[in-house]
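Novice: From first to last, the protein sequence lines stand for chains A and B. With positions in the first sequence counted from 1, the corresponding number in my numbering is that position plus 568. With positions in the second sequence counted from 1, the corresponding number in my numbering is that position plus 33.
Rather than coming from a laboratory, the hints here were simulated on the basis of the structure. Ideal Cβ positions, reconstructed from N, Cα and C, are used throughout, including at glycine. Keep in mind that the hints are not guaranteed to be accurate.
[Unchecked claim] Computed footprint of chain A on chain B, listed as stretches where at least three residues anywhere in the stretch have a Cβ under 8 Å from a Cβ of chain A:
1. 130-140
2. 157-164
3. 199-211
4. 218-230
5. 253-259
6. 264-276
[Stated by the list, open to error] In the DSS-like style, the derived pairs of lysine-lysine whose C-alpha atoms are separated by at most 30 Å in a straight line are:
7. A:K1068 <-> B:K44
8. B:K138 <-> B:K233
9. A:K849 <-> B:K138
10. B:K233 <-> A:K849
11. A:K757 <-> B:K138
12. A:K1058 <-> A:K1100
13. A:K1101 <-> A:K1058
14. A:K1049 <-> A:K608
15. A:K1066 <-> A:K849
16. A:K825 <-> A:K1101
17. A:K1184 <-> B:K123
18. A:K1049 <-> A:K1101
19. B:K180 <-> A:K1184
20. B:K123 <-> A:K1066
21. A:K1060 <-> B:K230
22. A:K757 <-> B:K123
23. A:K911 <-> A:K893
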Amino acid sequence: MTPRNSTLDARVPPGPLENKWERFRRDMKLVNPANKRKHKILVVGSGLAGGSAAATLGELGYEVDCFCFQDSPRRAHSIAAQGGINAGKNYQGDGDSVWRLFYDTVKGGDFRSREANVHRLALLSRNIIDQCVAQGVPFAREYGGLLANRSFGGAQVSRTFYARGQTGQQLLLGAYQALERQIGAGQVKMHSRTELLDVVVVDGRARGILTRDLVTGRVSRWAGDAVVMATGGYGRVFYLSTNAMGCNVTATYRAYKRGAFFANPCYTQIHPTCIPVHGEKQSKLTLMSESLRNDGRIWVPKKAGDNRAPDQIPEDERDYYLERKYPSFGNLAPRDIASRSAKEACDDGRGVGHGRRGVFLDFRDAIQRLGQDEIEARYGNLFDMYRRITDENPYQSPMRIYPASHYTMGGLWVDYHLMSNLKGLFVLGEANFSDHGANRLGASALMQGLADGYFVIPDTLGHYLGGDKPEPVSTDHPEFKRCEDELHDKVKTLLSIKGKRSPASFHRELGLVMWEKCGMARTAAGLKEALKKIPEIRAEFWENLSVPGTNAEFNQSLEEAGRVADFLEFAELMCLDALTRDESCGGHFREEHQTKDGEAVRNDKDFCHASAWEHKGPGQPPVEHREKLEFENVALATRSYK
Amino acid sequence: MNLTLHVWRQKNAQADGRLETYNVADISPDSSFLEMLDELNEQLLTSGQEPVAFDSDCREGICGMCSLVINGVPHGPDRGATVCQLHMRKFTDGDAIWIEPWRAKAFPVLKDLICDRTSFDRIIQAGGYVSVNTGSAQDANALPIAKPAADKAFEAATCIGCGACVAACKNASAMLFVSAKVVHLAELPQGQAERQKRAKDMVQQMDTEGFGNCTNQYECEAVCPKEIPADFIATLNREYVRAGVTASE
């Protein structure tokens, strides 16, 4: 497989970094208000990115159809984000600025993101807070009535806005209410319990989608002038993750199979502070907000195999390894570094709890310093959640935590306009690849979802419609029929195998392989093993799957089987990308490339690019295209948090 | 743990339902209740039978998707928690457990343990928002809000829209749900412009959907996973009356 130095044009506006977005807005095409209602826009996903996009496009007067697989747009998994949302407001006067947020994000992403996109994100972050407050989002406030901030990993300023440990919920409800307002006004038609199953491409443009009504099983065709995909990440490729049960790769993977390039699938984020695995039948992992690292101290016993209770281990026999290795950032080291350090401690046999796969997150000192009431005010709901799940009281003994799959930085390739190489397909939020490079900083996912949906897509979509003026397409076009026939064949096959194993059992098996071979640390040999193993699991899936019932009814096993089938193909692409990227960067740690202290070693000479994969048909290896990442404003440095 | 489960099975919205009995064995007390149901489904699937359909998504108590009545109580025996946060250690080996869907006229059952809650979305559509288009906001700190008001608004805004309040109420009233949104926005300066219209329109939509009214039984507060206080219903009544008085002037 030879990489093509390709035709990928990121369409970054010329001029100085600070002026690029203004420059784009100055030159952009507009659609006049009377014409907007003639354009049908299909928005897939209703989380922070999709919900805010659908609401805003509705406000502007477009005819919007919005789709989600949950029973209501309010349930999208953005709702589970706990800690907060970053914005370069500098309300604390602690030296923050748009530039510093931009720089921290580029550095946090280990210099593998696109400068211009990240700068725009930092710029728009300020408008997000304004918009959300105007909607009535109840952010935390100081007694003077102004907004409160907290610190988060990877930054030395306090720029994170929050609503106790439920920031994602409050932001999503803000977007949801704006969306419901447009639904009530007739500007947006909402289709809940509806899943995207294919993207229809006509003359090189995304012109429609096929969906399945999850209640009746009915497949419908939708034609539009643009498709806006905001369907989240693929973190459930590991089976166990902090993602919701329904999160899946199907929408972005189907788009990939129809010609959209998939960029950097090997960039996954393993979050350092999750509740450890308790047993084999577990269905998902629960995150404890990173904000806990503001006051909690992370440690393991110095001695391997130490079985004493934590309060029996004296101070000088504890290893506060993050504080030791990274004195200036300490417990607030970025997520990839904190996760890998936990894995190293456990690999040394110094882990604690079930299977020794856990480390302590200890609030003893913070409780002594601030009192239990203050800790309760800051983190009460998180402590309650921990107690409920583990049946242990974290006010009395330290929490046990371990890393878990949480977020994926890779996604469909998009240009500066957030448009994929497939014209008319826009990709927002976690589903695209553009802003976080090889590692995302805490409190930046909410920022990106809302920046994309509220502020970027309304302008760039208008520019596309006003400039390209796509011809109307009807659902009678033969391409719709062809895609629908393929879909029916696939569903029929899934139902006719009549084997012995559940979709979940295959998913679990795949997840174990991915966690072992393509998780927190990767090697060429391990990835090659995974690339051999995945097709074997997939082969058995198509021979021994059990899906009872029919297509024409509410059939959750059928839904799950379709999603697992896509994960079984996608996992291979992810391993191939991880194998091809022969360097360590951010969340992608190749054991072959590390310093003797175990720090990641990047290779800027050969890998300072985004890898965008093109599907070449069943059985054919995908082709890699490269977008060279130009750093004109920041110097490529070795990331140091010491 | 070994358990006997009596589970509501219903093919679709039109069909009649009935309780079916199943046995599950070797359940870990550390499993969540939904993981226990996953195991039941695994059992059914490997023997070619249709698994039990139930809703769940985030499984960390915030999305509001899970919705089971366990032994007659929405979300089960744990106070202040959704059913996805309920763990099997709360049960005893050998227990018999009854599992049913939410039951209310405005929440028709779609299949087994899954019901349709889009009526809640339509109530929000009627007025559960601040009408502010994207881009028209002033600087966030230009609007100081006293901390007590902000905290009370937050408390109301934590509602996850699961519908347990309706399922627990003998009148299938949605007043706790409606009051949570009305209080959230009435507490804040941003919500003042539409305050009266909001209370009136949301209550009217609630009636149209076929939810009942409050007769002060406080069952809703007892099962609310976010422990939203029933006092808010009193505030809703006040807001509604106030809207009526003003409208007639």
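Novice: Now look at each hint and say whether the structure bears it out.
Specialist: Consistency of the hints with the structure:
As drawn, the region 130-140 of chain B meets chain A at 0 residues by the rule of a beta-carbon pair under 8 Å; below three, the given contact is violated. By the rule of at least three residues with a Cβ nearer than 8 Å to a Cβ of chain A, the coverage given for the region 157-164 of chain B holds, with 7 such residues. Residues of the region 199-211 of chain B lying with their CB closer than 8 Å to a CB of chain A number 0, which falls below the three-residue condition for coverage. Chain A is given as covering the region 218-230 of chain B, and this holds because 4 residues of the stretch bring a CB closer than 8 Å to a CB of that chain, at least three being needed.
Taking a C-beta to C-beta cut-off of 8 Å, the region 253-259 of chain B contributes 0 residues in contact with chain A, too few for the three needed, and the coverage statement is violated. Proximity of the region 264-276 of chain B to chain A, defined as three or more residues with a beta carbon under 8 Å from a beta carbon of that chain, is not established by the 0 residues found. Using a Cα cut-off of 30 Å, the hinted pair K1068 (chain A) and K44 (chain B) holds, with the two alpha carbons roughly 23 Å apart. A threshold of 30 Å between alpha carbons decides the hint, and for K138 (chain B) with K233 (chain B) the separation of about 22 Å falls inside it, so the pair holds.
Using a Cα cut-off of 30 Å, the hinted pair K849 (chain A) and K138 (chain B) is violated, with the two alpha carbons roughly 36 Å apart. The suggested pairing of K233 (chain B) with K849 (chain A) is violated, with an alpha-carbon distance near 48 Å, which exceeds 30 Å. Our distance criterion of 30 Å between C-alpha atoms is met by K757 (chain A) and K138 (chain B), whose separation comes to about 24 Å. Straight-line distance between C-alpha atoms of K1058 (chain A) and K1100 (chain A) comes to about 24 Å, which keeps the hinted pair within the 30 Å bound.
Taking the CA atoms of K1101 (chain A) and K1058 (chain A), the gap is about 23 Å. The hint holds against a cut of 30 Å. With a C-alpha separation of about 20 Å, the suggested pairing of K1049 (chain A) with K608 (chain A) holds against the 30 Å cut-off. Distance hint between K1066 (chain A) and K849 (chain A) is fulfilled; the C-alpha atoms sit about 24 Å from each other, no more than 30 Å. At most 30 Å may separate the alpha-carbon atoms for a hinted pair to count; K825 (chain A) and K1101 (chain A) meet this at roughly 22 Å.
Distance check on the hinted pair: K1184 (chain A) and K123 (chain B) sit about 53 Å apart at the alpha-carbon level, beyond 30 Å; violated. Our distance criterion of 30 Å between C-alpha atoms is broken by K1049 (chain A) and K1101 (chain A), whose separation comes to about 35 Å. For the hint pairing K180 (chain B) with K1184 (chain A), the CA-to-CA distance comes to about 58 Å; that exceeds 30 Å, so the pair is violated. A C-alpha spacing of about 37 Å is found between K123 (chain B) and K1066 (chain A), which places the hinted pair above 30 Å, so the restraint is violated.
Distance restraint check for K1060 (chain A) and K230 (chain B): the Cα-Cα separation of roughly 51 Å exceeds the 30 Å cut-off, and the hinted pair is therefore not satisfied. For a cut-off of 30 Å, the pair hint linking K757 (chain A) to K123 (chain B) is broken: about 43 Å separates their Cα positions. The suggested pairing of K911 (chain A) with K893 (chain A) holds, with an alpha-carbon distance near 14 Å, which does not exceed 30 Å.
Against the hints set out earlier in the document, violations occur for numbers 1, 3, 5, 6, 9, 10, 17, 18, 19, 20, 21, 22.
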